[in-house]
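Number of protein chains: 4
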Amino acid sequence: MIIVMKSSASEQDIETVIQDVEARGLKAHPIRGTERTVIAAVGEERIAGLNSLESCPGVDEVMSILAPYKLASREVQPEQSVVRAGSLTVGNGNIGVIAGPCSVESEEQLVSAAHAVKKAGASALRGGAFKPRTSPYSFQGMKEEGLKLLAEARDQTGLAIVTEVVSPGDAELVSEYADVLQIGARNMQNYRLLEAVGRSPRAVLLKRGPSATIDEWLLAAEYILDGGNPNVMLCERGIRTFETHTRFTLPLATVAYVQERTHLPVVIDPSHGTGHTALVPSMSRAAIAAGADGLIIEVHPDPGKALSDGYQSLNFEQFEETMAGCRKIASALDCTLGAE
Amino acid sequence: MIIVMKSSASEQDIETVIQDVEARGLKAHPIRGTERTVIAAVGEERIAGLNSLESCPGVDEVMSILAPYKLASREVQPEQSVVRAGSLTVGNGNIGVIAGPCSVESEEQLVSAAHAVKKAGASALRGGAFKPRTSPYSFQGMKEEGLKLLAEARDQTGLAIVTEVVSPGDAELVSEYADVLQIGARNMQNYRLLEAVGRSPRAVLLKRGPSATIDEWLLAAEYILDGGNPNVMLCERGIRTFETHTRFTLPLATVAYVQERTHLPVVIDPSHGTGHTALVPSMSRAAIAAGADGLIIEVHPDPGKALSDGYQSLNFEQFEETMAGCRKIASALDCTLGAE
Amino acid sequence: MIIVMKSSASEQDIETVIQDVEARGLKAHPIRGTERTVIAAVGEERIAGLNSLESCPGVDEVMSILAPYKLASREVQPEQSVVRAGSLTVGNGNIGVIAGPCSVESEEQLVSAAHAVKKAGASALRGGAFKPRTSPYSFQGMKEEGLKLLAEARDQTGLAIVTEVVSPGDAELVSEYADVLQIGARNMQNYRLLEAVGRSPRAVLLKRGPSATIDEWLLAAEYILDGGNPNVMLCERGIRTFETHTRFTLPLATVAYVQERTHLPVVIDPSHGTGHTALVPSMSRAAIAAGADGLIIEVHPDPGKALSDGYQSLNFEQFEETMAGCRKIASALDCTLGAE
Amino acid sequence: MIIVMKSSASEQDIETVIQDVEARGLKAHPIRGTERTVIAAVGEERIAGLNSLESCPGVDEVMSILAPYKLASREVQPEQSVVRAGSLTVGNGNIGVIAGPCSVESEEQLVSAAHAVKKAGASALRGGAFKPRTSPYSFQGMKEEGLKLLAEARDQTGLAIVTEVVSPGDAELVSEYADVLQIGARNMQNYRLLEAVGRSPRAVLLKRGPSATIDEWLLAAEYILDGGNPNVMLCERGIRTFETHTRFTLPLATVAYVQERTHLPVVIDPSHGTGHTALVPSMSRAAIAAGADGLIIEVHPDPGKALSDGYQSLNFEQFEETMAGCRKIASALDCTLGAE
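For the record, the sequence lines run as chains A, B, C and D. The first sequence begins at 1 in the working numbering and counts up by one. The second sequence begins at 341 in the working numbering and counts up by one. The third sequence begins at 681 in the working numbering and counts up by one. The fourth sequence begins at 1021 in the working numbering and counts up by one.
So that you can see chain A by itself, here it is in the shape it has in the complex (with noise of 0.2 angstroms):
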């Protein structure tokens, strides 16, 4: 932790952070520059409240140093985690590819879209059966009937089911049909359902918050580890910037930067990263080629007529264009596109 002094500090005052860092139970190295005198405290800087030192006179800036993450990072663990989860199998060169339909809407919508994708190569079934709906007004999932029917597509074409669970107390009902719990975006900082969540034997993927920086989003991820849980994929689905002709901005950085800090394998979601179906395929090339672990592509027998999300879903011919696409870039890289 670096505590940054205003140039019109007292001495009583850079005396006042030094005790007070060292009641604490940190050391304090006081360097006095030509301007300002700032005071580097070392040791365990994740101790409640350290930054409220902002608060005390002659303090201007409290900067950390120390990630504040532990199990999700690189220092802990150097070597990559794989996640495998039935059919579907993410990191260390496999990228695996999630794709079906954004909700659940019927059986042979979800059946046929559970063929397709299989037929692409996909190596998971998407599908919501729980769905975080911006409108009370807007279709809210089909719930257990729709878990039923992921099921019963996982009888018939083999796929990992990944399913989003939206609440604490579904979280076991969830886990007793899905191989894959989803996490969404809006509920990326909500604890209670990451130590849910962190309880399940099953994997989760948890998908960045659109405004989340990816310290909070390691730390969301931290709650699932901490709670037990070691099966964590990150998912990046675009955060909320001043772009309009996009719906989120697809940041793909965040794969390089990320998996140099934390051992979790990174997938991308193309579909709600642009929110446009025509920009789908060419992001799908483009995460790839920047080194994402897995993808989660929106796929629907015919989007014109969705429930949800028609507006990003790529049909059936689309997908199949697109899957061609990325594996000519995952095979220029050496790696393993879905389920070949």
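Worth flagging that the hints you see were computed from the coordinates, not collected in a lab. Any given hint might turn out to be false.
[Said to hold, decoys possible] With a straight-line cut-off of 27 angstroms between C-alpha atoms, the simulated BS3-like cross-links for lysine-lysine are:
#1 K823(C) - K985(C)
#2 K70(A) - K483(B)
#3 K305(A) - K459(B)
#4 K686(C) - K1325(D)
#5 K799(C) - K1008(C)
#6 K346(B) - K305(A)
#7 K645(B) - K483(B)
#8 K707(C) - K6(A)
#9 K410(B) - K1026(D)
#10 K750(C) - K6(A)
#11 K645(B) - K70(A)
#12 K1325(D) - K750(C)
#13 K1026(D) - K367(B)
#14 K1047(D) - K346(B)
#15 K985(C) - K1026(D)
#16 K985(C) - K1348(D)
#17 K645(B) - K459(B)
#18 K799(C) - K828(C)
#19 K750(C) - K1163(D)
#20 K367(B) - K410(B)
#21 K148(A) - K305(A)
#22 K119(A) - K148(A)
#23 K70(A) - K686(C)
#24 K328(A) - K1348(D)
#25 K27(A) - K686(C)
#26 K1090(D) - K823(C)
#27 K328(A) - K119(A)
#28 K305(A) - K645(B)
#29 K1163(D) - K1325(D)
#30 K1026(D) - K1047(D)
#31 K707(C) - K27(A)
#32 K1008(C) - K668(B)
#33 K985(C) - K1047(D)
#34 K1047(D) - K367(B)
#35 K27(A) - K346(B)
#36 K410(B) - K143(A)
#37 K645(B) - K6(A)
#38 K1325(D) - K707(C)
#39 K1090(D) - K346(B)
With the hints as your guide, set chains B, C and D onto chain A.
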């Protein structure tokens, strides 16, 4: 709904969209411009999946015309709502002031804060018992014991209690102790939680998510209203932008914009909205000048020692001065501040 | 300057950085933590290329401690600067009000606006003669003819003239007619233009770029001050964020933050800062309550017919009402508004 | 143009808008919905001040339908433009690679970089002689002497020269030495400069401003095209967002989006787009996979000693490896990379 066709759209594309719109029970009005055709779809546009039309051939963009919320709108209720909860009144010229520590830390801390904010003119006491913390290693709150301390502080001071609920399963318990349930920014789109507080008899303070649009925020309020709870206060607490000198950017233009569209009162949180003690007094005054219906301010007996948010908390003296400044502005605008 | 080493950095990496820092004339203080080493580099850190150290082996991050600007800082000049230009005084409790049309369109339009804003209490007249327009097909301004009309309006009303200069080659010409040279937001980092107005005898109103950090903005001011012109006013006119209900997001916390760091006065532009006529009155009041040293407001005889920015302009009656509201706030804070 | 009336708009308000629209030569089509009326205004909507209608009584919002640019659009020129400048070809499957130091610092530095990037397969040399620097105290470039060194590097290697022009008055001088004039991000809306390069016989690389919308960027290109210079390349170099782990956020979805709307080629700058050496290789590959027509990359003999931008520069070995990775991707997509 306005559907903008591409300039390359064929007659067949246009015809297909028209039929699709009419099949959903809306009336289609095609308008053929010199470069493009647009189709105005008249009728109830809050229909599942209508924006999925964007994935149809020849469609460039689908633009909504109607606000997606109803119960929250001025069109359904033209006069402003006034929310009352014990000693707190918010709306119609009554500027409610909610003040107190970020977290309940101990009886002494809370009770001294309660007396101090009451003396300075606050109309309600805030304090977190269930804390949603970014890191699993941070102080997570005193939970039910904290709620009991809040109730005791109310007994001693008469101040209404505002406290956060973070999980649907806790809504009933918190409702037993609190006068106002706070939905934190990170839970603004935790829809199961919104439904739970929609069933509570307590008033709700709904914070805006740091990357939520105004429509998303009002739709979150709509979940609560639609659940049967009419006592909703909106709380702007800052959005996430590129600006780093403040922790969030507090957009006060929200006040007038939102007040024109909704009858719900708007409370401003200058503590989270700036993230720095030194900026709270001037932004409190500015909020009132902008027409806010209330303020929520973090106050702690000794901010430098606070277990959370000390960097943005006021001490008792700073809070008194802030209230004095705010009172001048409120008075100039013929409004009543806090418990006058 | 704090240089944070990676936890994987070798002793050799640390030694190399220390040598590099000392070779540049700074003193290096290595501080060895349990997880990482940080090196505090003490001395003049405003040196070309010092942050290039980040590309050296073992370096994770380079963090600045000192503000990068000098002449603009409170450390060099503790007392606030007051800028005076003809009828306009800005600073130290004098809230200057600059009002008038976005563009000079005709003699009648300009002169009627000048009389109206003077009558309502404005202290200076704004009006663009050289217009930087997003589209080459938009009205580009009346150029020198517009400057002559501005001079005429000054003759008739006594109001000081504020007008934009968009090219270094025009700075002398505009200085002949204007009392204050405005640098528009899009030109905030047009350094040749900043140098040109740094040589002018006229005061300068420097708008913040919509994505400029505070440091970048103050460094732009530093170019002008360093060029020999001490009469600089900063103007916050909103930043670009994900928020779309306003054209820009107006962060009033800028006022107190900047006033603590610089002696230059801060003017707020609620017209560009909101982009909507209806939001200008409340944000004008809020700006004053936040402590702004001045306002710049777009006023047009008939906004619906304006050749530019009509959507955010006030008509004469709206401006009068806005001034009445602002006067109440200014008076509550013992400040003088406009040409009182 | 779609004019959305408020639900409270009177018949008179609607009628007034219709008359105003028709007085400007457009045809008005009012469409009366159950809750609101919208008026479609058909005709040339790129008219001065049309959006000023928003300030008229009863008007809620004015939405544009047509793209505001023409010469840059695919509608005017359906086939992609290929820009050629000496050794550089950009577009139609030719991925141009522009590489070299941020600033020209010395003959040795520049010439060694030129030989190194040529050997690795670059098709052009970049290097700044006129530098727009955030701080007046930073190295400002070698100016004309730098241009001479660039010309010498071209003589020795045959590489086309790309260099920035920062002031309208310098455009002619720079055109004498350079093959491609670069407009930096900070000058994207410096319209006098755009006009100056519009008159130059040299090709132009137009960087996107860090908070510019796509429309604003294409309108900046329109200024150059409208000035008579058809050889414009667009360069995406990242936008400013809340994300701080990268200096800017590089939105690669821009590539496909822009290529659908304009015939101008799109070049990606992964150096500024990430701000960190370690992220440049993966984002270079991703850019090509996303369909970029070119890359511009900062390369320096010794980044740790660079006078500017060392933190995001590659050394020669890193550049060679980056090119090798890019070549694999380009080859998988049947494109030609650099000077193959």
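Enumerate the violated hints, using their earlier numbering and listing them in ascending order. 3, 16, 28 and 35
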